[in-house]
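Chemist: The residues making up each chain are set out below.
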Amino acid sequence: MSSNMSPEFDAIVVGSGISGGWAAKELTERGLKVLLVERGPHITHRKDYSGEGKAPWEMPLAGRIPEAEANRDYFVQKDCYALEGATKKFFVNDRIHQYIHPKEKPFSWIRGYQLGGRSQLWARQTYRWSEIDFRANKTDGHGIDWPIRYQDIAPWYDHVEKFAGISGSLEGLEQLPDGKFLPPMKLNCVEAEAKQKIEKAFPTRKMIIGRCANITEPTKEHLELGRGQCQYRNECEKGCSFGASFSSLSATLPAARRTSNLTTVTDAIVHSVTYDHVSKRATGVKIIDANTKDFHQYSGRIIFLCASTLGSTQIMMNSLSESFPNGIANSSGTLGHYLMDHIFMSGAHGEHPGFQEHYYSGRRPNGIYIPRFRNVTEKDDRFLRGYGFQGAPQDLTGDAV
Amino acid sequence: MTKSELSQILLCSASVDTVNLNMDKNIKLNSISLTRRKAIRNAVLLLGGSISVAQISPLISDVAAMSANYIPKFLGKHHFQMNKRLVDLIIPESDTPGALTANVHQFIDVMLDGWAAADTQLRFLDNFNNIDRRSMAMTGKTFADANRTQQIKLLEVLDKESFSDNGTDIFFGEFKALVVFGYYSSEEGASVELRYDRIPGGYRDCIPFSEVGRSWST
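Chains as they are written, first to last, in numbering that gives the first Met the number 0: chain A, 0 to 400; chain B, 0 to 217.
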């Protein structure tokens, strides 16, 4: 392709997960002709949710994945709670998609290669960063100061929350800004009492209902996209035909499609970003057809890499040119370094006796949240900063609430 | 809500689809003021009836294969009989369905055939044989041939061994877990002994337990 030809697309978005879906929506709604490139197969909202709504006795092997298959094909993905018979088609096959890591630094790379990516599988907890977070590097001297502040991003938070449908309670906390929320889900009676007791014993701490991307009360905007109210089934990762659970398939891609500015290609693995050293601009992407293994190129004025942290990094490192011998935009050599994972499944638990005469109905797809208190409302020298804390109640006489 | 009720609702919504439902009317769902059934119907309606009955109907499941004429796929006749006795003793029939009514003995065979890896299959067979050996030593009879009192006595010993802090033989605990899993995954266990609600439609945070009457299975 020559740089003096006009590009085929105004923008190319690589990856159709949460960020790719958003990029496709925002750009197409502003009139740009967008190509969305997804490495996995095409799947269709509702039609491909074959495990949705199935009772355990309606699933082969009561929903379990055969041990031999799990060990052979999902030896990494099985670290994710959401992997089961009904959802395995939304996870990668680890036998086919292998990677290496230092033995002393294990890394569970949970992936979903299909249209919508991991937005099919995510846990939907959605929290704003606060001014404290944006200023943290400057305040304590660790890392490089962020070039933006809370006020710069707040309007975008508003926009995203309204469209996605984030439910949550208004708390007025400095460390956890309120947003444009749908009505909050309710705490059950045990949680409500735990909240009261925690907040009485620790006046500087709060326990609140989780803020999640499940529609508690649809707006006109949601309804127009075919999205309805949460039915409290708590099986969002099997696919939600009600569209109450936010995903690319339920929300951003339908919005992008209705502009008629979106072109989607699936089974198209982006190999690299092409670069023109004369104009000093990225000119498009080179892709490998997942089925035929043939190379193709697409040209675009703007390239959005939304292929996940590792996926986008891999593409950039593959994008070699005379100007960028170590990968595009990697003149500093920093690309691919300083990766840190979430701290997961560590924390505390407690049992609350009583309430034998009380119960709930509905399976709430959301838990509780304890906003950061360390070094916000309580000085604590053991921590440089602090943490927020997600939690889930469990009925010890039955199953998860 | 039963499966057939749900199918009726979904069928009804599918026919309404042709009436060209106007999505702009901003149908507001309020499950508090509506009955749950109505709420689900409305929820389906606002999607233009786009959830088909086929989507909510069962996948080809193992349940269909389980019946009075079930032919074991994995366990031999002797082991299957023993498994049947074990399952019956672990969750007997009471005022609610027992594990045999829920075909859990067949479920165990289905799981050993389709779910268990080779080492798990071997472990089950070895331990079934071991239970027979223990029974022979205690009563002079195989487990299936021993009388009910003798069987229960042996299971109490196995249970104690399995769940003690320095348990040497944990197989019985593993077996029991599979029985309990099978039972509460069955229609009888999950929706008759316990309560199952396919589409709750809403969340009620604090209600008298008596309104539900039993624990939710999911």
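Hints were generated in silico from the structure; no laboratory data involved. Just so you know, even glycine gets a beta-carbon here, dropped at the ideal spot from N, CA and C. Check each hint, because a few of them may be wrong.
[Claimed, not checked] Restraint ranges, calculated between C-beta atoms of paired labels, are given here: (1) Arg122(B) x His96(A): 22 to 32 Å; (2) Asp78(A) x Phe162(B): 25 to 35 Å; (3) Ser107(A) x Tyr69(B): 32 to 42 Å; (4) Arg148(A) x Arg122(B): 22 to 32 Å.
[Said to hold, decoys possible] In silico DSSO-like pairs for lysine-lysine, Cα to Cα no more than 27 Å straight-line: (5) Lys159(B) x Lys140(B); (6) Lys72(B) x Lys87(A); (7) Lys159(B) x Lys77(A).
Chemist: All the hints need checking, so say for each whether the structure fits it.
Modeler: Status of each hint after checking the structure:
For Arg122(B) and His96(A), the Cβ-Cβ distance of about 31 Å falls inside the hinted range of 22 to 32 Å, so the restraint holds. Between Asp78(A) and Phe162(B) the C-beta distance comes to about 28 Å, which sits within the given range of 25 to 35 Å. Range check, Ser107(A) to Tyr69(B): Cβ separation about 39 Å, and the 32 to 42 Å hint holds. Under the hint 22 to 32 Å, the C-beta atoms of Arg148(A) and Arg122(B), about 59 Å apart, miss the expected range.
Of the supplied pair hints, the one linking Lys159(B) and Lys140(B) holds, its CA atoms being roughly 22 Å apart against a limit of 27 Å. Distance restraint check for Lys72(B) and Lys87(A): the Cα-Cα separation of roughly 25 Å lies within the 27 Å cut-off, and the hinted pair is therefore satisfied. Restraint check for Lys159(B) and Lys77(A): not satisfied, since their Cα atoms lie roughly 32 Å apart, outside the 27 Å limit.
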